[in-house]
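Enquirer: For chain P, the structure is supplied; the task is to place chain D on it using the hints.
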Amino acid sequence: MSPAARPQTRDEVSFGRGAERDERQGTPGRRPADTAGLAIATSGLVKRFGSQMAVAGIDLAVPRGCVYGFLGPNGSGKTTTIRMLLGLIQPTSGSQRLLGVDMPGGATAVLPSVGSLVEGPAFYPQLSGRANLARLDAADRVASPRTAPARIDRALDRVGLLPVAGKRYRAYSLGMKQRLAIAAGLLQPRELMILDEPTNGLDPQGTREVRALIREIAGDGTTVFVSSHLLAEVDQICSHVGVMRAGDLVFQGSLDEMRGRGAARILVRTSEPALASEVLAGLGLADITVTGREVTAQLGEQAPETVCAELVHAGVPVAGLDTPRASLEDLFVELTGEGFDVNG
Amino acid sequence: MSTADVTTHPAAPWAVSVRAWLRLLRSELALVFGRRRNLALLAVLAAVPVLLGIVLKVSSPQPANGEGPAFLGQVTGNGVFLAFLALVVELTLVLPLAVAVVAGDSIAGEAGRGTLRYLLAVPAGRTRLLGIKFAAVVAFCLCACLLVATVAVILGAILFPVRPVALLSGTTIPLAAGLLRLLSVAGYIAAAMAALGAIGVAISTFTEHAIGAIAAILVITVASEVADNVSQLAAVHPYLPSHWWLSFDALLRSPVDWTALGHGLLSFGAYAVIFCSVAWARFTTADVTS
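Residue numbers (this note's numbering), protein chains in the order written: chain P, 1 to 344; chain D, 1 to 290.
With the rest of the complex left out, here is chain P (with noise of 0.2 Å):
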């Protein structure tokens, strides 16, 4: 499906050292598309593992400055996706661009520029929080010595961590350990953040503490990419989506057009759920189903009003009458398929 790839405005001025190196590398035929206005460009990013196909071929375009959700169920690729992305494993086939700076070529050029955050936090159990951001930051070639500590500080601080930065990293929390390694992405300003499940593991008041801090640092014009399996999360914090089934990338476009997907349903609350269901099909309304004292059935082309003036007409006793918007979760299932089916 082709990815609504619009540069969004408020971002064209951040264009970094990514936008000077922008030597387009020609991909004929596969996407002549402008990815100079992309964080993130894949172009047919396979990776095997032996004869296990964990990324099947994606296309995934993130438009700089906004929110991207990318959605999936355990073990469909997201993680092996984001690693690729990071220049940890090399893909089998395919290209890819971070801020229009081609990977893993590129890695030392443009990942000082992306803060990450990848398959949960890990650090030195041994050191205390700030020890272990300053480690983190000794390992960036391009970051001041001289203004590390204030840095180091001011990204403790963010996350809510600094009361606690000289106590030993064995002795957080879960959430604390979470926050710690969104803290390692803020050291310095980033164009880019790639969270991988920032939520996981996390009590609701830390999920939305870090829910709080994602619209925090997009506000800033980061691009954010997130992953999730968490639909509520997405939901709330994304204005866009990418959703992976077994490898491959079987949606990509804004949160509207994913919604936009769902069929149109109507449901009539109604003392003779009988007789309502019997009038929807002579309306020719599809996929009827009787709950109780509620009806549902397929809209399609048929506009809600008509069809409660017929109901009333057939003199059903309508007590309610809405379109229910499917739900972020019936599409993702819809797009996922259901059940444990693990990509073996």
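Cβ-Cβ distance ranges computed for the label pairs, FRET-style:
#1 S17/D - A212/P: 35 to 41 Å
#2 F49/P - R19/D: 37 to 43 Å
#3 R154/P - I211/D: 34 to 40 Å
#4 R170/P - V226/D: 36 to 42 Å
#5 A150/P - T127/D: 28 to 34 Å
#6 R154/P - A47/D: 42 to 48 Å
#7 E334/P - T127/D: 42 to 48 Å
Keeping only pairs whose Cα atoms sit at most 25 Å apart, straight-line, the calculated SDA-like set for lysine to any residue is:
#8 K167/P - L31/D
#9 K167/P - L25/D
#10 K167/P - G34/D
#11 K57/D - T76/D
#12 K167/P - R37/D
#13 K167/P - R26/D
#14 K167/P - F33/D
#15 K167/P - N38/D
#16 K167/P - G114/D
#17 K167/P - A40/D
#18 K167/P - R35/D
#19 K57/D - L167/D
#20 K167/P - G112/D
#21 K167/P - P204/P
#22 K57/D - I154/D
#23 K57/D - P174/D
#24 K167/P - L29/D
#25 K167/P - L39/D
#26 K167/P - R36/D
#27 K167/P - R113/D
Only part of the chain P face toward chain D is listed, based on derived beta-carbon distances under 8 Å:
#28 L86
#29 T108
#30 V118
#31 Q126
#32 R135
#33 P145
#34 A184
No lab work stands behind these hints, which were simulated from the structure alone.
The beta carbon of each residue, even a glycine, is placed where N, CA and C say it ideally should be.
Expert: What follows is chain D alone, placed relative to chain P:
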């Protein structure tokens, strides 16, 4: 912000990258020498000369020709020899064990902990990180050998008389010159351990289980030492990683036996180059899935 710092800074790009390299090396050294486990290893290394010194002081064994490790008989006569004795004793197991732990943990430990993916995403740079890791292992080897020698000399001076050093070739050199020779011996053994460390770092790039890497290094060490004692394998002896470890006694002759010493250093250098290359080839292409 920091990128801006770098670009507006008058310093040359190479100076910046050297500084960045040193910053990561400092962080790595702090990690290696700040770990309680590694400090415990250093404590064990330092305890061996203490134990040897006390045992020799208490039992004062008669110098028995050809029995026990080299230098055993000389210690009671000259405390300086406690250092040589301690180094010989530790070379059989304790020193390689300590090096195996630090080298085996170098990459595999980061991978197992998951910190490797964060370091690489920074990006630390794979070649750069590997170079830093090996440099830290070399520093640990040097520190371990100097520690043993220093502790042994100090304790030897406390427990036993200290005199001008009688070399293996029979000549006697002044104490200062003898201590210089001891320093060279410590350096030579550190080079031997650094070569073992290169093997360890290479193995460490193949696994995310540090303990597996450590075990593999020890197996290689023991196998090499065993093979070195099987006379039927004489043809391969010069190529074994541990074959030249004890050749440091060439430094205790007058004149110094440069041939044996050169062979040893050549062997260590070859092992270091080969296994650093293996580590680099593996680490720069490996998928980091931990």
